[in-house]
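Protein chains in written order, with my numbering: chain F, 158 to 328; chain V, 11 to 203.
Bear in mind the hints are in silico, worked out from the structure with no lab data behind them. Ideal placement from N, C-alpha and C gives every residue a C-beta, glycine not left out. Hints should not be assumed to be uniformly reliable.
Stated by the list, open to error - Take a look, some chain V residues computed to stay more than 10 Å from chain F by CB distance: (1) Pro46; (2) Lys75; (3) Met101; (4) Ala119; (5) Lys124; (6) Tyr174.
Claimed, not checked - Simulated pairs of lysine-lysine, BS3-like, Cα-Cα distance not exceeding 27 Å: (7) Lys249/F / Lys275/F; (8) Lys275/F / Lys66/V; (9) Lys17/V / Lys165/F; (10) Lys205/F / Lys66/V; (11) Lys174/F / Lys187/V; (12) Lys165/F / Lys65/V; (13) Lys275/F / Lys326/F; (14) Lys17/V / Lys281/F; (15) Lys131/V / Lys95/V; (16) Lys275/F / Lys203/V; (17) Lys187/V / Lys202/V; (18) Lys205/F / Lys275/F; (19) Lys275/F / Lys322/F; (20) Lys107/V / Lys75/V; (21) Lys275/F / Lys75/V; (22) Lys65/V / Lys281/F; (23) Lys20/V / Lys165/F; (24) Lys174/F / Lys249/F.
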Amino acid sequence: MSIPFEVKFDDTTFSQKAYGQDMVMHCHHYMSLVTALSDQLESINAVKILRESAEDSIRTFLDAYFTQNNINSSTEKLATAKELYSVLGLGKFEVSGNDAGGEIQMKRSHVDEGWVQKFGKSSKFINHFSCGFAAAMFAAAFGKSARSYNAFETASIAMGDSEGKIVVKAN
Amino acid sequence: MTVMRDKVVKALVELNIRGDENGLMPGYNVLVNFLPTTFWNLFTERLINAAPADKKEEVLTGLYKAAQECGYHTGYGIINSDEFKSVVMPMVTEGAKDVLRGAYAVFTAWGWAKSGIVQIKEGERMVVRATDYYEQHIKTGGKSSFMFSAVSGAFFDLAYGPEYPNGLGTFIGDQTKGIEAGDEFGEVLVRKK
Numbered sequence: 158m159s160i161p162f163e164v165k166f167d168d169t170t171f172s173q174k175a176y177g178q179d180m181v182m183h184c185h186h187y188m189s190l191v192t193a194l195s196d197q198l199e200s201i202n203a204v205k206i207l208r209e210s211a212e213d214s215i216r217t218f219l220d221a222y223f224t225q226n227n228i229n230s231s232t233e234k235l236a237t238a239k240e241l242y243s244v245l246g247l248g249k250f251e252v253s254g255n256d257a258g259g260e261i262q263m264k265r266s267h268v269d270e271g272w273v274q275k276f277g278k279s280s281k282f283i284n285h286f287s288c289g290f291a292a293a294m295f296a297a298a299f300g301k302s303a304r305s306y307n308a309f310e311t312a313s314i315a316m317g318d319s320e321g322k323i324v325v326k327a328n
Numbered sequence: 011m012t013v014m015r016d017k018v019v020k021a022l023v024e025l026n027i028r029g030d031e032n033g034l035m036p037g038y039n040v041l042v043n044f045l046p047t048t049f050w051n052l053f054t055e056r057l058i059n060a061a062p063a064d065k066k067e068e069v070l071t072g073l074y075k076a077a078q079e080c081g082y083h084t085g086y087g088i089i090n091s092d093e094f095k096s097v098v099m100p101m102v103t104e105g106a107k108d109v110l111r112g113a114y115a116v117f118t119a120w121g122w123a124k125s126g127i128v129q130i131k132e133g134e135r136m137v138v139r140a141t142d143y144y145e146q147h148i149k150t151g152g153k154s155s156f157m158f159s160a161v162s163g164a165f166f167d168l169a170y171g172p173e174y175p176n177g178l179g180t181f182i183g184d185q186t187k188g189i190e191a192g193d194e195f196g197e198v199l200v201r202k203k
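The shape of chain F in the complex, shown without the other chains (with noise of 0.2 Å):
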C-alpha cells in the first residue's frame, strides 16, 4: 500500500507543513538522547510525558491526515496509521485489534535501532514513542478521546529480540 504525503515549504517563515502541521527533521542521536533523558527523570514522570506527547501530536495529525484523504473506517484507518509510520521514518509494523485493543509487531524500528546504533543494547524497553504512537492510531481509529488506549512493550528490538510487540488495550 502506498499512500500521498506531501509536504509543503512554506517561503515565508521557512518551515515545513504536512497536512496543517507544522513538521521537522530530527535525527536518531536527538531520539536516543530524549529516550535516555526521560528515563533518567523518572521521578516526574518524564516516559508518561514522552509517550502524552507523542500520543497527542501523533493523534492530531492522524487526524488531519484522515480527514483531509477521506478516510473513515476503522480498517482503513488502522491499516493508514501504520503506512504514516514508515512514511515517517519510525520504521514497519504490523497491526491488529478491535476497538478493544489489540497487538503491534515491530519489524524495524528507528527508535530501537537508533538506540542501539548510539548506545547499544538495552536492558529495558525504550521504545516510549511508538507506545504513544499506537495509542493514538488505536484511539483514533476507533474515535476514542486522549488515554482511552493504554500501550506498552513486550518485546523490544532494543532488547535484541528480532521484532518488537507492542500491546494495546482499552482502558
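Following the hints, put chain V in place on chain F, whose structure we already have.
Only chain V this time, still in chain F's reference frame:
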C-alpha cells in the same frame, strides 16, 4: 561569492521526504525522522513545567545536551554529505565561516529555524538570529530554544573546535533572546566554554 542562505535552502529542502522500504530514513550518516514539531515542543514544555525546583537544572541541562550532541553529529554528517558538497561548497569562498553559513542554511531547510549568522569573530564568538523557529511555540514562560542554542554551539565546535569527534562542547550557545519569551526574534551568543 559567499553562501547565500535562501538559495541553498531552496535547493536542499527535501519535499520528497519519506521512509524507505523498511520505513527508515538513512541520510547524513544518521537515521532521520520527520515528525510534527508539536511532539518535540510538548515534550520539552511538559518536562520543564513538571520539574520541581531541585530538578530544574537537570532537566534544562539534559535538554541542552541532547540537542548539542544531535547538532554535533548530524552537523558533521551534513557538512560531509554529497548534497552539501554539490550545493554549498561551490559557494564557499571564506573557509570555515562560509561552511558555517551553509550549515545554517541546512538547519533552516530541515525546518529547525529560519536563521543566520549576524556577527562572527572566527574561532571565538558568534551571534545567530532566527525570525521563525519551531521552538518559539514552547510555553514555559521563558527562553526554551534548546535546539537553536545548543546546535549553534555544536556547529561552532565543528568549525573551530578540535577535529571531529573530539570537539564536542568546546563552545556553548547561550540563548539571549526568544520569541517564546516575548522578544521580536530569537538570538544565540556562542562563546568558548
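Worksheet entry | Verdict on Pro46/V as a residue remote from chain F, using beta-carbon distances over 10 Å | violated (5 Å)
Worksheet item: Quick one, are Lys165/F and Lys65/V close enough, alpha carbons at most 27 Å?
Response: violated (39 Å)
Worksheet item: Is Lys65/V within 27 Å of Lys281/F, Cα to Cα?
Response: Roughly 24 Å separates the two Cα atoms, so the pair holds.
Discussion item. Tell me if the straight-line CA distance from Lys174/F to Lys187/V falls inside 27 Å.
Written reply: holds (25 Å)
Worksheet item: Given the hinted pair Lys20/V and Lys165/F, is their alpha-carbon gap at most 27 Å?
Response: Cα-Cα ~12 Å, so holds.
Discussion item. Would the hint linking Lys187/V and Lys202/V be met if the CA-CA limit is 27 Å?
Written reply: The hint holds at about 19 Å.
Fill in: Distance restraint between Lys107/V and Lys75/V, which requires alpha-carbon spacing of 27 Å or less
holds (24 Å)
Practice prompt. Would you check whether the claim that Ala119/V is not at the interface survives, using Cβ distances to chain F and the 10 Å cut-off?
Written response: violated (8 Å)
Worksheet entry | Hinted pair Lys275/F and Lys66/V, Cα distance within 27 Å | holds (26 Å)
Worksheet entry | Hinted pair Lys17/V and Lys165/F, Cα distance within 27 Å | holds (17 Å)
Fill in: Least C-beta distance between Tyr174/V and chain F, which was stated to exceed 10 Å
holds (14 Å)
Worksheet item: Given the hinted pair Lys275/F and Lys326/F, is their alpha-carbon gap at most 27 Å?
Response: violated (31 Å)
In the structure shown, a violation is registered for the earlier hints numbered 1, 2, 4, 5, 12, 13 and 14, in ascending order.
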